[in-house]
Amino acid sequence: MREVAVIGIGCTTFGEKWNSSFRDLFIEAGARALEDAGLAGEKIDALFIGNMSAGRFVEQEHIGALIADYAGLATTTHIPATRVEAACASGGLAFRQGVTAVASGMSEIVVAAGVEKMTDVASGTTVATLAGAADREWEAFIGATFPGLYAMIANDYMHRYPLTREQLAMVAVKNHYNGARNPIAQFQQEINIETVINSSLVADPLRLYDCSPITDGAAAAILTTMERAREFTDTPVKVLASAQASDSIALHDRRDISTLDATVVAAKRAFRQAGLEHSDVDMLEVHDCFTIAEICAIEDLGFCRKGEAGKLTEEGVTSLQGDLPVNTSGGLKACGHPVGATGIKQIVEVVQQLRGEAGRRQVDAKVGLAHNVGGTGATVTVHILGV
Amino acid sequence: MSVARFWRKIPQRYNLIGTKCDNCGRYFFPPRTFCPVCRRNGRILEHQFKGTGKVVTYTVIRAASEQFEHFTPYVLAIIQLDEGPRLTAQVACPPDKAEIGMRVKKVFRRIGTDGSSGVIHYGTKFVPE
Ligand SMILES: [Zn+2]
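Chains as they are written, first to last, in the working numbering: chain A, 1 to 387; chain D, 1 to 129.
Here chain D stands alone, though its shape is the one from the complex (with noise of 0.2 angstroms):
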C-alpha cells in the first residue's frame, strides 16, 4: 500500500472514527461519506466511536499474502461494535481463545509491513475485553 493511500486514512486507522448520519442515526465504520437510507437527505457527521464490541465471526489465518505472512497464525474476525456498526480487524489473542461473541475492546498495533524492510502500517486491532 502506498504511504498516501495509508496516511490518508489515519484517523479512521488508528482512532477509530467513522461518520454517523444526523438524519437517521445510523453509525458507519468504515467510514462513509453518503447514507445508503437517506441517500440525499443524508447528514454526515463525524464520530469518535468507543471502541468497544463483541465478535460476530472470526477465522485464524494461516496462508497470508505477503504483506502479512510474518503474523501468521493470526486472528480475523468481523467485529460488531455497541454503536452498531460491522468491521473486519484481527483481534490480538491466542488462536485458540477466540470464539464467537466474545466481547472485545480496541487497541493500538502494528498491523502488517510492505515487504521484509518496508514500510510499518500501525492501525487498530483488538484485544479481548
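Looking at chain A on its own, in the form it has when it is part of the complex (with noise of 0.2 angstroms):
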C-alpha cells in the first residue's frame, strides 16, 4: 500500500443556507480545496462524495454524476464519481473510500467530498429522515426520533456512571466557546450552562442545546501519494490510519447501550494501523451529535476509562487549552452538522490545527484524529493524521 496525504481542503460556512442550492454547496467546497492544493480540476482522476438522503432532502439521487457534472468534469475528463451512503458517517466513509483509491495505486489523485442540504424541506421530514439512519422498521415506526434514541443512551449511561447533568451541559458550552472561534461555524456565539439546563426538552435528559442542528454544508479534501505531496503543497498531512467498523443498526441490540463497539474497534485499528499510542494524538474531532456522543467518544476511542470522560470536561482537559483538545472546530454541536459533510469537515479542521491555520482556535498539535459515527453507531470510521 502506498502512503497517502492530504494535499488540499476546502469547506463552505456552514448554517441554514438558504440562498445556496445542494449544487452550489458542493461547487463551492471543492473550488476551494482545488485552489488550496493549486491543482486544475483535470488532474483528478476520482471523486467520491459522502451524503446522506439528497433522495429526502432536495428529490435528487445520483449525486456522484450530478456533480461531476457540475464541477465540469463529466463531459470533459468523464471522470469516475462515486457517491457513498452510511448517514451521518458518510463523510468519513467517502474519505476513507479516496484513501483507499490513492494508496492501492488506483488513483493518484481524488477529490473526498461530502455534502448535505437539509433545509429545504419542514422540519417534520428532517427528523423523520434522519430517523432513517436507525432501523426504520423496529425504532422509527414505533415512534423513535433521533434524539430519543441518543435520550436512552444517555439514560442508561447515567444510570450506571456519574455523569451529572452539568458536566453533560459543559460539553455543549466546551464546543460553542470553540464554535465562536471557527468562522464557519454555525453558531458563534458562547453559550453558559444555564443556557443548556434551561433549553427545552427533546427527549429526557436531551434538551435543545444538547442537540446539534439541522445544517447546509459542504467539505472536500484532495488526496495523493505522499510521494507526490510535495510538488502541491509544502504541509502535506499524511494520513497514518483508515480504520472502519460495524455494529448493529438498532440500539436495541448492541451488546451495551452506552458503549460504541463500533467505536472500540475502529479506534483499535487505527491505533494499531498507525503503530501509535493514545498519548501521542495531540487534538480530536469527535462526533457529538449529541453531547453524551462526546462524552462516549472519548472514552470508546481509549482516551479514558468509561465513566470518566464527564469529569476530563468539568476540568477542562478537553477543552482548547487542555491537554486533549476535542472539538476544536466547534463539533457537530455549533460548527453544525450536515450531515453528508461532517466527516469530510472533521479532516479539514484536523488540517488547518497540523498546518497551524486554525487561527483564535489554535492548539499545538503534530497528530490529529477524527471520529465520525452513523445512526447510533452502526458505523464508525476513525481516521489519524500526522504532521
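There may be inaccurate statements among the hints.
Unchecked claim - Chain D side only, calculated, beta carbon under 7 angstroms to chain A, not exhaustive: (1) R39; (2) T57; (3) V60; (4) I61; (5) A63; (6) A64; (7) S65; (8) T72; (9) L76; (10) I78; (11) Q90; (12) I100.
Said to hold, decoys possible - Below, computed lysine-lysine pairings styled on DSS-like, alpha-carbon distance capped at 30 angstroms: (13) D/K106 - D/K50; (14) D/K54 - D/K105; (15) D/K54 - D/K97; (16) A/K306 - D/K97; (17) A/K306 - D/K106; (18) D/K50 - D/K97.
None of these hints come from the bench; they were simulated from the model.
All C-beta atoms in this analysis are idealised placements derived from N, C-alpha and C, irrespective of residue type, glycine included.
Using the hints, put the two standalone chains together into the complex.
Below you can see the structure in the form of C-alpha cells.
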C-alpha cells in the first residue's frame, strides 16, 4: 500500500444557507480545496462524495454524476464519480474510499467530499429522514426519533456512571466556545450551563442545547500519494490510519447500550495501523451529534475509562487550553452538522490544526484524530493524521 | 409507511411473534431469518413471546416526527423480554412513572397514524406489570 497525504482542503460556511442549492454548496467547497492544493480540476482522477439523503432532502439521487457534471468534469474528463452513504458517517466513509483508492494505486489524485442540503424541507420531514439512520422498521416505526435513541443512551449511561447534568451541559458550552472561534461555524456565540439546562426538553434527559442543529454545508479534501504531495504543497498532512467498523443497526441489539463497540474496534484498528499510542494524539474531532455522544466517544476511543469523560470535561482537559482538546471546530454541536459533510469537515479541521492555520482556536498539534459515527453507532470511521 | 409494508409484519407487530434458532437456542425479536451466531448451521423457527420483560432504558419523546406528533409526550423504551431479546417499544404510562428496571407486559394499542386522516397503525405497546 502507498502512503497517502491530504494536499488540499475546502469548506463552505455551515448554517441555514437559504441562498445556496445542493450543487452550489458542493462546487464552493470543491473549488476551495482545488485552490488550496493549487491544482486544476482536470488532474483529478476520481471523486468520492459522502451524502446521506439527497433523495429525501432535495429529491435528487445520482449525486456522483450530478456533481461531476457541475464540477465540469463529466463531459470533459468523464471522471469516475461515486456517492457513498453511511448516514451521518457518509463523509468519513468517502474519505476512507479516497484513501483506499490512492493507497491501492487505482487512482493518483482524488477528491473526497461530503455535502448535505437539509433546510429545503419542513422540520417534520427532517426528523423522519434522520430517523432513517436508525432501524426504520423496528425503531422509527415504533416512534423512535434520532434524539430519542441518544436520550436512551444518556439515561442508560447516567444510571450506571457518575455523569451529572451539568457535566453534560459543559460539553455544549465548550463546543460553543470553540465554535465562536471558527469562522465557518453555524453558531459563533458562547453559551453557559444555564442556557443548556433551561432549554426545552427534546427527549429526556436531552434538551435542545444537547443536540446538534440542522445544517447546510459541504466540505472537500484532496488526496494523493505522500511521494507526490510536495509537488502541490509545502505542508502535506499524512494519513497515518484509516479504519472503519460496523455494529447492529438498532440500538436495542447492542452488547452494551452506552458503549459504541464500532468506535472501540475502529479505534483499535486505527492505532494498530498508525503504530501510535493514545498519548501521541494531540487533538480530536469526535462525533458529538448529542452531548452524550462526545462523552461516549472520548471513552470508547480509549482516551479514558468508561465513566470518566464527564469529569475530564469538567476539569477542562478537553478544552482548547487543555491537554486533549476535543472538537476544536466547535464539533457538530456548534459548527453544525450537515450530515454527509460532517466527516470531511472533521478532516478539514484536523488538517488546519496540524498546518497551524486554525487562527483563534489553534492548538499545539502534530497528530490529530477524526471520529465519525453513522446512526447510533452502526458505522464508525476513525482516521489519524499527522505532520 | 405503506399499507403493504405494515401488513407484511402484522403477526410480529400485533402479537410479538419472533423467531428462535433451534441450533443454539437464541431468541430473536425483532425476528431474524438468519442466525448471526450459527450462520449456515442455524435452524430458524417461529416463536411466540410471552410479552413480559423489563425496561433497560427509556426516554420521553417530546419532539416527534409527523406520524407521532399527536402522541407527544410519550415514553419510549428498550425492553428486555424475559426470553432474552431486546426491542424498542412505547410504554403506555405517565412520563414521570417510567423508570429503569420497571417490569412491563405487552398490550395491543394504536401506535401511530400516517398524517391527520391517514391509516391508523396498531401494534404492541407495553404497560407496567
Ligand atoms: Zn443459532
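To see whether the hints hold, each was checked on the structure:
Here the hint on D/R39 is broken, as its CB sits about 16 angstroms from the closest CB of chain A, past 7 angstroms. Checking D/T57 against chain A by beta carbon gives a least distance of about 4 angstroms; that is within 7 angstroms, so the hint holds. Restraint check, D/V60 versus chain A: the minimum CB separation of about 4 angstroms is within 7 angstroms; hint holds. The interface hint given for D/I61 holds, since its Cβ lies 5 angstroms from the closest Cβ of chain A, which is under the 7 angstroms cut-off.
Hint on D/A63 holds. Least Cβ distance to chain A is approximately 5 angstroms, under the 7 angstroms limit. This hint holds: D/A64 has a C-beta 6 angstroms from the nearest C-beta of chain A, less than the 7 angstroms allowed. The criterion of a C-beta within 7 angstroms of any C-beta in chain A is met by D/S65, whose closest approach is roughly 4 angstroms, and the hint holds. Taking 7 angstroms as the C-beta cut-off, the interface hint given for D/T72 is violated, the closest approach to chain A being about 9 angstroms.
The interface hint given for D/L76 holds, since its Cβ lies 5 angstroms from the closest Cβ of chain A, which is under the 7 angstroms cut-off. A hinted interface residue such as D/I78 counts as satisfied when its beta carbon comes closer than 7 angstroms to some beta carbon of chain A; here the least separation is about 5 angstroms, so the hint holds. The criterion of a C-beta within 7 angstroms of any C-beta in chain A is met by D/Q90, whose closest approach is roughly 5 angstroms, and the hint holds. Contact between D/I100 and chain A, as hinted, is supported at the beta carbon level, the nearest pair being about 5 angstroms apart and thus within 7 angstroms.
The straight-line distance between the Cα atoms of D/K106 and D/K50 is roughly 8 angstroms, inside the 30 angstroms bound, and the hint therefore holds. For the hint linking D/K54 to D/K105, the alpha-carbon distance of about 8 angstroms falls within 30 angstroms, and the restraint holds. Distance check on the hinted pair: D/K54 and D/K97 sit about 14 angstroms apart at the alpha-carbon level, within 30 angstroms; holds. Taking the CA atoms of A/K306 and D/K97, the gap is near 29 angstroms; set against the 30 angstroms cutoff, the hint holds.
Straight-line distance between C-alpha atoms of A/K306 and D/K106 comes to about 34 angstroms, which puts the hinted pair past the 30 angstroms bound. Taking the CA atoms of D/K50 and D/K97, the gap is about 23 angstroms. The hint holds against a cut of 30 angstroms.
Checked against the numbered hints above, the structure violates hints 1, 8 and 17; every other hint is satisfied.
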